[in-house]
Amino acid sequence: MFKLMKYEFRKTWITKLILLGVTAVAEAVYLFGLYTEKEGPLSVSVMLLTMLAVFGVLVIGLESVLTLHRDMNTKQSYMLFMTPNSGYQILGAKVLECGLSILITGAFYFALGAMDITLLFAKSGQLNQLWDMIQNVISQFTINGRPLTINAEIMAALTFSLLTGWIGIVTMAYLADVVSAALLNGKKYNGLLSFAVFLALTWLTSWATGKITAGITASTTMLVVNGLIDLGFAVIMYIVTAQIMERKLSV
Amino acid sequence: MLESKELTKVFGSKTAVDHVNLKLEKGHVYAMLGPNGSGKTTWMKMAAGLIKPTSGEVLFEGAPVSIESRKYVAYMSTEPYFYAWMTVRDVGKYYADFFEDFSYDRYQELLRHMELTEDMKTKTLSSGMMAKLKIAVTMARDAKVYMLDEPFNGIDLLARDEIRASILQYATENKLLLMSSHLVEEMEAVADRAVFIKEGKLVENIDLETMRDEQGVSMADRYRQIYGHTEG
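Residue numbers (numbering that gives the first Met the number 0), protein chains in the order written: chain P, 0 to 250; chain V, 0 to 231.
Keep in mind the hints are simulated off the structure, nothing from the lab.
Remember, predicted model here, so these are calculated numbers, not experimental data.
Errors might be hidden in some of the hints.
To be verified - No more than 25 Å apart at the CA atoms, straight line, and that leaves these computed lysine-lysine pairs for PhoX-like: (1) K2(P) to K92(V); (2) K187(P) to K13(V); (3) K74(P) to K92(V); (4) K13(V) to K2(P); (5) K143(V) to K51(V); (6) K120(V) to K74(P).
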């Protein structure tokens, strides 16, 4: 499994390198703006870094789905499927590599953001004032009608929930793509049907999550339970997808 | 060693392989022959476990082909299939990572023989060089079964002789070697048995020496007899 993961990483490392490179440039601009006290570079770099943090994680998930698509629909599929590895191992390596990449990328941008904010506080010397401002902004968001407060516990729960939520969506996309390649291959409206499968899965999981968490009011508990449900769905998607690959997929 | 029973594969309205019963034994070099679209590649891909049959089955040493059988069956596709980012060295490392029977020393020896270097990028290889690389990496495995789909495609006449020698070097009495090709005369020089497939159906699996002795025809003559009207 580790060897499969190594090659999964190898297939996608250029995108990750580009993300890292653009982030390094944006960070350099941020530091330049901060220490020269120029607002232009500072605001542009903050905007860019925020976008990179959000879209970086999304891009990693999307690229993983595209890689699976290529691994099933082009001649390079032989590289994977002629090796003595089961569909569970092949897909498992993809899920783990993608999940870990999302986690590491998320943690990286989180740490970078924390560092940049700390530098900003240190530079401006208005730590308490800025912190109150951030708390005020955060409190505008609510969970079940209750204002969101920021602390280590809720940040950890939020990170967990976002990560598992995105991994859940990626595994649904895997399933839709495998259904397309294995069950709908050669059929009319294949792409449209597999997209419909994806939409149906997202609706179904969202509906089920709503039902399960209906009675929960505490923000942190809600986030953790949401994350666990997403994780459960991801495991179900993984098993169903690997089964279809084992039984039906021809490359 | 490798056997298909009532093996059938249907793609949409086309039956690519039609109830093929074929038994291949170790110690032989088989030439799988037939015009384009006759079902050779589909049969091989099902035997390699890459394509799922519509019905019937392929057995390796008595058990259905599976993840386990991929450890012992080396398949070489006619199409290039390496990742675009790979160098010739990466291809060898990839095989070494996934196939216990892969010998990197043998791979390097074959590369030297084929005048390929490890720093070459696969995406820049000519079709002839790519064909050589596919053969080198496949034959560097100490597999029980080798299935080579059109191994001489894109290779010039002089290089063909060298490649044929490289392939046969590893086709010992405990191995099964199955090759498909349009180059019937080339195959006649290496194979001791021929499998003729026509429109997805097995025509015959015949010992070439017996055919020459009893029917007085060469493999090429037999090919013309079977396919002459379809190619005419």
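So, going through the hints one by one against the coordinates:
Restraint check for K2(P) and K92(V): the C-alpha separation of about 11 Å stays at or below 25 Å, so the hint holds. Restraint check: the Cα-Cα separation between K187(P) and K13(V) comes to about 16 Å, which is no more than 25 Å; the hinted pair holds. For a cut-off of 25 Å, the pair hint linking K74(P) to K92(V) stands: about 19 Å separates their Cα positions. Proposed proximity of K13(V) and K2(P) is contradicted: the alpha carbons are some 38 Å apart, above 25 Å.
A hinted pair counts as satisfied when its Cα atoms are at most 25 Å apart, and K143(V) with K51(V) qualifies at roughly 22 Å. Distance check on the hinted pair: K120(V) and K74(P) sit about 17 Å apart at the alpha-carbon level, within 25 Å; holds.
Against the hints set out earlier in the document, a violation occurs for number 4 only.
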